[in-house]
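**Student:** Going down the list, the protein sequences come from chains A and B.
For the first sequence, position 30 (counting from the first letter as 1) is numbered 30 according to the working numbering, and the numbering increases by one without interruption.
For the second sequence, position 253 (counting from the first letter as 1) is numbered 1253 according to the working numbering, and the numbering increases by one without interruption.
The set of hints was computed from the structure by calculation and includes no laboratory data.
Owing to the predicted nature of the structure, the values given are computational and were not obtained by experimental measurement.
Beta carbons: idealized from backbone N, C-alpha and C, even for Gly.
One or more hints might be untrue.
Listing some non-contacts, in silico: residues in chain B with all C-beta distances to chain A over 10 Å [as the list claims (entries may be wrong)]:
#1 1037
#2 1079
#3 1185
#4 1199
#5 1221
#6 1225
#7 1241
Here are the simulated lysine to aspartate or glutamate pairs, DMTMM-like style, with alpha carbons at most 25 Å apart [what the hints assert, rightly or not]:
#8 B/1216 / B/1114
#9 B/1175 / B/1114
#10 B/1216 / B/1151
#11 B/1216 / B/1328
#12 B/1216 / B/1141
#13 A/29 / A/138
#14 A/117 / B/1247
#15 A/29 / A/146
#16 B/1175 / B/1141
#17 A/156 / B/1141
#18 B/1216 / B/1157
#19 A/117 / B/1321
#20 B/1175 / B/1202
#21 A/156 / B/1157
#22 B/1216 / B/1177
#23 B/1216 / B/1202
#24 A/156 / B/1247
#25 B/1175 / B/1151
#26 A/29 / A/55
#27 B/1175 / B/1157
#28 A/156 / B/1138
#29 A/117 / B/1295
#30 A/117 / B/1328
#31 B/1216 / B/1138
#32 A/117 / B/1272
#33 A/117 / A/152
#34 A/156 / B/1272
#35 A/156 / A/79
#36 A/156 / A/86
#37 A/117 / B/1319
#38 A/29 / A/140
#39 B/1175 / B/1218
#40 B/1175 / B/1214
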Amino acid sequence: MRQPSAVQQHQRRLLSWAALLLATCACTKESRTLGPEQPQTPPAGASDPRSAYFEGNAFQISQGGRYFGWYGCAQCHNDHATGATDLPGRLQANPLTFARVYDAIAHHPGTSPQISKQIPVQQLWQIAAYVRSLPALEPELRRRQDLDMSGEPQGKNWSGPVR
Amino acid sequence: MRIRLALPTVAVSLISCSGIQTGLSPVGDQARSQYFLLMLSLAVCSVMFVLVTSFLLFSLFRRRLDGGDHEVLPDRSLHRSLWVWSAIIVGALLVLAGASFWVDRSFALAQNSETLQVRVTAHQWWWRIAYRNPVTGDWIETANELHLPVDRTTRIELGSADVIHSFWVPNVAGKMDVIPGHANAIDLTPRQLGWFRGQCAEFCGAQHARMAFDVKIETSNDFDRWLRTQAEPVRPPIDAVEARGMEIVTTGACAMCHVLRGTSAAGRAGPDLTHVGSRRTLAAGTLPMNRGNLEGWIAQPQALKPGTMMPAISLGPSDADAVAHYLEHLQ
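My request is simple: use the sequences and hints to build the entire structure.
**Tutor:** Dropping the structure here:
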C-alpha cells in the first residue's frame, strides 16, 4: 500500500478534529450534574460563582421557565403584562444582578406565605435564571416555549394533556 | 461439555417465562392473542429452519452417500422441487400474514359489553391516572397505580403532558405509544387476579427506567370498593403528629405541586397525594411504600431518582417524621 503524503495526513487530521468538534458542540450548553449536588443556599452577593453557571445553562433556564408556569407566575407576568408585571420591559430598562433578581422573587410582595417558604432553593435558582433571560428572549422563542408547555399546569389549573 | 453449556442456556431461557412483567405469561385477552401470534411464528419459523437446514445438509453429503466420484448430471427433479418449495414459502407467509391481520383486527373490534373508561396521562416520569366517578361523573385522580376489574374490558385513553412515552402492561396487553398532540387508546381485558407491573416503553428522558406503575387486577366488588375510597377527600389527622404533618404539607412547598383533596393543597404539577398511603410503591415504582422511604424521598429525591422534578425539601427531623407519618396513613 502507498504511504499517504504529508498533505493527505494533514487533511485527515483536520477532518477528524472537525468531526470531534461537531460531535461535542452544543453539549456544554446543557451540561448538568444529576444528583443531590443542587444548591441549598441563596446566592451570596453579586459575585457568587454559581450565578454565571445558571445564567449560561440552557437546561436550567428552560427548567426555570417550566416552574414559572407551574407556580402561577405566568398568570400575571405574561406577554400582555404592562407596568409593574412586565418583567422583560422592567429588566431591560433597569438591569438587575442575579442575586437581586433572586431576592426579588424570594421576597415577592403580596404572597402568603412568602415564596421562599414555598419554592425550594434549587428551583428558585432556576426561576431567577429564567427571569434574567427574559429581556433577551424573542417573542417567537417564547411562543414556542408556551407551545411545549401546553400539557403542563399553569398554577392550579391543568387543562389536560397536549391536544 | 455440551451438557454443561446447555443446562445454563435452558435455565436462562426459562427465567423470563413467568413473572409480573412479561408477555410470556399472559393474563389478558390481548396479551394472549399476541402470545399466540408469537408461538405461531416461532412454530412456522422453526419448521422452515429445520426443513432448510436438513436439505442443505443433505445436498452437502449427497455425493458421499452416492459413493461415486462420477460426473453429476442435471437434476430433473429440481424443477418440481422448486414448485414445492415455493408453495411451502408462500403458504407459511400467508399463515403468518393472515394470523397477524386477524389478531390486529380483533383489537380494533368494538367490545360487546360496556367498557370502563380510564384516562392515563404520561408525565416525565410518572403516570397520572383518572377514573370516572360512577355516581357524580367527575374524574377521580390517582397516580402510578392502575386498578382493573377482572373479566371486563377497560379502555385506557392515553395522553402525554410533555414528550413521547409508551404505555405497556406486558402481562395484559401490548404496547401503545403515548404521543403529545395525538389521542391514542388501548383496551385491556384481564382474566386473572393479582398484582402486575407496567412500564414506560419509549425512551423519554433521564428517568425513563423509573417510570413504572403497579397494576392490580381485582374482583368487581373489590374494584368498586377501591374506587369509592379513592373518591373520598383526604382523611383528617387523628393525632398531634399527623396534624403537624398535615400543616406542613398543606402550607409548605408540597402544596405547590400536589393535591390533597379537601385541603388548601391544590397544585397540579405532581401526583395526587389524597390516598398516597394506599399505594404499593413510591415515585412511579422506584421504592416500596413505607415511612422510611417516604422520608428519604422527601429529603433527597435527587439521590434516589436523579433528574426527577421533585425537589429536595429540607425539614427538621421531627417535621420530616411528622410528614412521613401523616402521608403513610393516607389510606
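**Student:** Could you run down the list of hints and mark each one as holding or not?
**Tutor:** To see whether the hints hold, each was checked on the structure:
1. The claim that residue 1037 of chain B lies off the interface holds: its Cβ sits roughly 31 Å from the closest Cβ of chain A, which is beyond the 10 Å cut-off.
2. Against chain A, the non-interface label of residue 1079 of chain B holds: every CB pair exceeds 10 Å, the least being about 49 Å.
3. Consistency note on residue 1185 of chain B: stated as away from chain A, and its beta-carbon is indeed over 10 Å from all of that chain's, at 13 Å minimum.
4. Residue 1199 of chain B, annotated as away from the interface, keeps every beta carbon of chain A farther than 10 Å; the closest lies near 19 Å.
5. For residue 1221 of chain B, the shortest C-beta to C-beta distance to chain A comes to about 31 Å, beyond the 10 Å cut-off, and the non-interface label holds.
6. Taking the minimum C-beta to C-beta distance to chain A, about 28 Å, the non-interface status of residue 1225 of chain B holds against the 10 Å cut.
7. Annotated as non-interface, residue 1241 of chain B keeps its C-beta farther than 10 Å from every C-beta of chain A; the closest such distance is 21 Å.
8. Taking the CA atoms of residue 1216 of chain B and residue 1114 of chain B, the gap is about 20 Å. The hint holds against a cut of 25 Å.
9. Our distance criterion of 25 Å between C-alpha atoms is met by residue 1175 of chain B and residue 1114 of chain B, whose separation comes to about 22 Å.
10. For the proposed pair residue 1216 of chain B and residue 1151 of chain B, the alpha carbon gap of about 13 Å is at most 25 Å, so the pair holds.
11. Distance check on the hinted pair: residue 1216 of chain B and residue 1328 of chain B sit about 20 Å apart at the alpha-carbon level, within 25 Å; holds.
12. Among the hinted pairs, residue 1216 of chain B with residue 1141 of chain B is consistent with the structure: their alpha-carbon atoms are about 16 Å apart, no more than 25 Å.
13. As the CA atoms of residue 29 of chain A and residue 138 of chain A are separated by approximately 18 Å, the hinted pair is consistent with the 25 Å bound.
14. Proximity of residue 117 of chain A to residue 1247 of chain B is assessed by CA-CA distance (about 13 Å); at most 25 Å being required, the pair is judged to hold.
15. For a cut-off of 25 Å, the pair hint linking residue 29 of chain A to residue 146 of chain A stands: about 21 Å separates their Cα positions.
16. In summary, the hint linking residue 1175 of chain B to residue 1141 of chain B is supported, as the alpha carbons are separated by about 23 Å, within the 25 Å threshold.
17. Of the supplied pair hints, the one linking residue 156 of chain A and residue 1141 of chain B holds, its CA atoms being roughly 15 Å apart against a limit of 25 Å.
18. Note on residue 1216 of chain B and residue 1157 of chain B: the hinted pairing holds, with a Cα-Cα distance of about 18 Å set against a maximum of 25 Å.
19. Pair hint residue 117 of chain A plus residue 1321 of chain B holds up; C-alpha atoms about 19 Å apart against a cutoff of 25 Å.
20. Our distance criterion of 25 Å between C-alpha atoms is met by residue 1175 of chain B and residue 1202 of chain B, whose separation comes to about 9 Å.
21. Of the supplied pair hints, the one linking residue 156 of chain A and residue 1157 of chain B holds, its CA atoms being roughly 23 Å apart against a limit of 25 Å.
22. At roughly 22 Å between alpha-carbon atoms, residue 1216 of chain B and residue 1177 of chain B fall within 25 Å of each other, so this suggested pair holds.
23. Restraint check for residue 1216 of chain B and residue 1202 of chain B: satisfied, since their Cα atoms lie roughly 23 Å apart, inside the 25 Å limit.
24. For the suggested pair residue 156 of chain A and residue 1247 of chain B, the alpha carbons sit about 19 Å apart, so the restraint of at most 25 Å is met.
25. Distance hint between residue 1175 of chain B and residue 1151 of chain B is fulfilled; the C-alpha atoms sit about 20 Å from each other, no more than 25 Å.
26. For the suggested pair residue 29 of chain A and residue 55 of chain A, the alpha carbons sit about 11 Å apart, so the restraint of at most 25 Å is met.
27. The straight-line distance between the Cα atoms of residue 1175 of chain B and residue 1157 of chain B is roughly 13 Å, inside the 25 Å bound, and the hint therefore holds.
28. For the hint linking residue 156 of chain A to residue 1138 of chain B, the alpha-carbon distance of about 18 Å falls within 25 Å, and the restraint holds.
29. The straight-line distance between the Cα atoms of residue 117 of chain A and residue 1295 of chain B is roughly 19 Å, inside the 25 Å bound, and the hint therefore holds.
30. Between residue 117 of chain A and residue 1328 of chain B the alpha-carbon distance is near 24 Å, which keeps this suggested pair within the 25 Å criterion.
31. In summary, the hint linking residue 1216 of chain B to residue 1138 of chain B is supported, as the alpha carbons are separated by about 22 Å, within the 25 Å threshold.
32. Restraint check for residue 117 of chain A and residue 1272 of chain B: satisfied, since their Cα atoms lie roughly 21 Å apart, inside the 25 Å limit.
33. Pair hint residue 117 of chain A plus residue 152 of chain A holds up; C-alpha atoms about 23 Å apart against a cutoff of 25 Å.
34. Restraint check for residue 156 of chain A and residue 1272 of chain B: satisfied, since their Cα atoms lie roughly 13 Å apart, inside the 25 Å limit.
35. Distance restraint check for residue 156 of chain A and residue 79 of chain A: the Cα-Cα separation of roughly 20 Å lies within the 25 Å cut-off, and the hinted pair is therefore satisfied.
36. The suggested pairing of residue 156 of chain A with residue 86 of chain A holds, with an alpha-carbon distance near 22 Å, which does not exceed 25 Å.
37. At most 25 Å may separate the alpha-carbon atoms for a hinted pair to count; residue 117 of chain A and residue 1319 of chain B meet this at roughly 15 Å.
38. A C-alpha spacing of about 20 Å is found between residue 29 of chain A and residue 140 of chain A, which places the hinted pair at or below 25 Å, so the restraint holds.
39. Of the pairs offered as hints, the one joining residue 1175 of chain B and residue 1218 of chain B holds, with about 22 Å between alpha carbons and a cut-off of 25 Å not exceeded.
40. Note on residue 1175 of chain B and residue 1214 of chain B: the hinted pairing holds, with a Cα-Cα distance of about 16 Å set against a maximum of 25 Å.
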